[in-house]
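Spelled out from the first residue to the last, the chains are:
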Amino acid sequence: MIFAEIARVTLRALLGRRRTLLMLLLAGIPILVGLIVRANGPGVRDVGATLDGLVVRVVLPLVALVFGTAALGSELEDGTAVHLLTKPIRRSTIVLAKMTVAGTLTAAMLVPSTLLAGMLLARPDTDAFSTTSALAIGVLVGSYVYVAIFVALSIVTSRGLLIGLGYALIWEGILAGLLPGSQVFSVREYVRGIAQILSPEAIESVVGSGAAAYAAIALVAATVIASLRLAAYEVRGSD
Amino acid sequence: MSAGSFAPLPGAEGAADAATGRPAAALLLERVSRWYGNVVAVNDVTFALGPGITGLLGPNGAGKTTILHMLAGLLRPSAGRVMIGGQTAWHNPSVYRSVGLVPEREAVHAFLTGRGFVEMAARLQRLPDPRAAAARAIATVELEAAADRPVGTYSKGMRQRVKIAGALVHEPSILLLDEPFNGMDPRQRLHMIGLLRSMADAGRAILFSSHILEEVERLADGVLVIHAGRLAAAGDFREIRRLMTDRPHTFVVRSSDDRHLASAFMAEPAVFGTELRDGRLTVRVAEFGGFTRAVARVARDAGVSLFEVAPTDDSLESVFAYLVSRR
Chain A
1 MIFAEIARVT
11 LRALLGRRRT
21 LLMLLLAGIP
31 ILVGLIVRAN
41 GPGVRDVGAT
51 LDGLVVRVVL
61 PLVALVFGTA
71 ALGSELEDGT
81 AVHLLTKPIR
91 RSTIVLAKMT
101 VAGTLTAAML
111 VPSTLLAGML
121 LARPDTDAFS
131 TTSALAIGVL
141 VGSYVYVAIF
151 VALSIVTSRG
161 LLIGLGYALI
171 WEGILAGLLP
181 GSQVFSVREY
191 VRGIAQILSP
201 EAIESVVGSG
211 AAAYAAIALV
221 AATVIASLRL
231 AAYEVRGSD
Chain B
1 MSAGSFAPLP
11 GAEGAADAAT
21 GRPAAALLLE
31 RVSRWYGNVV
41 AVNDVTFALG
51 PGITGLLGPN
61 GAGKTTILHM
71 LAGLLRPSAG
81 RVMIGGQTAW
91 HNPSVYRSVG
101 LVPEREAVHA
111 FLTGRGFVEM
121 AARLQRLPDP
131 RAAAARAIAT
141 VELEAAADRP
151 VGTYSKGMRQ
161 RVKIAGALVH
171 EPSILLLDEP
181 FNGMDPRQRL
191 HMIGLLRSMA
201 DAGRAILFSS
211 HILEEVERLA
221 DGVLVIHAGR
231 LAAAGDFREI
241 RRLMTDRPHT
251 FVVRSSDDRH
261 LASAFMAEPA
271 VFGTELRDGR
281 LTVRVAEFGG
291 FTRAVARVAR
301 DAGVSLFEVA
311 PTDDSLESVF
321 AYLVSRR
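The listed protein sequences derive, respectively, from chains A and B. Take the first sequence: its position 73, counting from 1, is numbered 73 in my numbering, and each next residue is one higher. Take the second sequence: its position 47, counting from 1, is numbered 47 in my numbering, and each next residue is one higher.
There may be inaccurate statements among the hints.
As the list claims (entries may be wrong) - Beta-carbon label-pair distances, calculated as ranges:
| no. | chain 1 | residue 1 | chain 2 | residue 2 | range |
| --- | --- | --- | --- | --- | --- |
| 1 | A | 236 | B | 94 | 19 to 29 Å |
| 2 | A | 165 | B | 202 | 19 to 29 Å |
| 3 | A | 18 | B | 156 | 32 to 42 Å |
| 4 | B | 212 | A | 236 | 21 to 31 Å |
| 5 | A | 156 | B | 88 | 21 to 31 Å |
| 6 | B | 80 | A | 17 | 31 to 41 Å |
| 7 | B | 182 | A | 210 | 49 to 59 Å |
| 8 | A | 213 | B | 94 | 30 to 40 Å |
| 9 | B | 202 | A | 213 | 17 to 27 Å |
| 10 | A | 228 | B | 221 | 53 to 63 Å |
It should be emphasised that the hints constitute simulated quantities derived from the structure, not laboratory data. Fair warning: this is a prediction, and the values are worked out from it, not measured in the lab. Glycine included, each C-beta is placed from N, C-alpha and C at the ideal position.
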């Protein structure tokens, strides 16, 4: 009941008109690209790589970042979280409810977007279904992992949005490609790895079969860190 | 107007300090300090409060909110011990079963209705009948008419009241309020004073902060005066009032003959200095009460008409500074 109550209010807060519209637009970009490709030619041969570039690399981390940092971080910033923090509730319950809502919202936008974009992009003569659905499942898992990390980040620092952006763009986008071995700290690699496990033809991944384990470890670690940090959370703006 | 009534608390003195076996104070700070980097916000403060209403009085920035936040478990004390209801306040969410906090910042989700906000608080407190409890709390703060409107449409005073309803929906034995009267009109203030009084009479411990002397004087049984992070004075309000008035004061006097009046004042034991400058007579007195009683008589005996007698240093800030310097 407590979990459901927190989840219900979080969902209402996250579905603010402008933010939802913006995120729907972001999630619509892969579909739009798919429509353009379909209208102008036979489609792409390598659906996996195209979806990776469109969804996994850009749209997924951005949508997860916005929902993940807003779910709890913006409430801590504007003070509405005080009403939640001064209740006899386990801090892990608050963290789990926030992560579940933000993760589900991210997945609800991006899994259909991935599936639809994959179908539109693929050349009719290729079997794109297994690739697309494997990536969609990777995106589903990735939504929760990204969100968990960004929720934890928003408790640890008030600059969660900025640091999260740095993680997605600079770490995952540039550095993880240059430093061998560092990909185990990249959620993007987990998404690709899970897709590869499900459909070996779909995409190449560095972490390979370990992806599911890495994703699970990241999810648990982020949840534990977020719960511990929330339990020791100190309000800002006391005189 | 009705101020709502509260049943006496069962076992209000039940909680005992495990170490001493004595009944535990509802609120306890023991040699508590809190600093942010190099800035000391609260400096070695000790007090213990039981049931009743206590005012936490001090100018803005004195450390009142920091003290309330430490009591509410939202800030870790840098040194010392903060206990609430016989338990450690920090890192202990179970204390919120018996504690209600009304923060100063107004933040309540704008999309929730007043009723929705209070019912949420009731559900998060795991109350058996959240709807009924919320309806009672809303009636207590007289917000029934606006209860089904979004909080975003509320006035400052209404938001204040809905937060109070949310904080007392589980009928806590301890209530902490940060500047609760901000934004309320006089009628709402009066109602809130009656409400808090009735809660205190039922055995609850209430601590509220304010920077307005008259607010504290009207409501509080006891008072804690905070200035620059230190506890400047604590105890009965009349005692504090006396300390505040029996201090050196400066008055500006305008009269029909300032020079003559100045020499007459110097014969008074309460006066220890006069100054005539730029056509203004400034009188320094040892003690507020003695001078105000003497001033009319001195002027009459000297045959001088008084036009104006005004204290110059009456700001609360100087009162607090004086109290701190005495210690």
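Hints, verified against the model:
no.: 1; hint: A:236 x B:94: 19 to 29 Å; result: holds (24 Å)
no.: 2; hint: A:165 x B:202: 19 to 29 Å; result: violated (52 Å)
no.: 3; hint: A:18 x B:156: 32 to 42 Å; result: violated (25 Å)
no.: 4; hint: B:212 x A:236: 21 to 31 Å; result: holds (25 Å)
no.: 5; hint: A:156 x B:88: 21 to 31 Å; result: holds (24 Å)
no.: 6; hint: B:80 x A:17: 31 to 41 Å; result: violated (47 Å)
no.: 7; hint: B:182 x A:210: 49 to 59 Å; result: holds (56 Å)
no.: 8; hint: A:213 x B:94: 30 to 40 Å; result: holds (36 Å)
no.: 9; hint: B:202 x A:213: 17 to 27 Å; result: violated (57 Å)
no.: 10; hint: A:228 x B:221: 53 to 63 Å; result: violated (40 Å)
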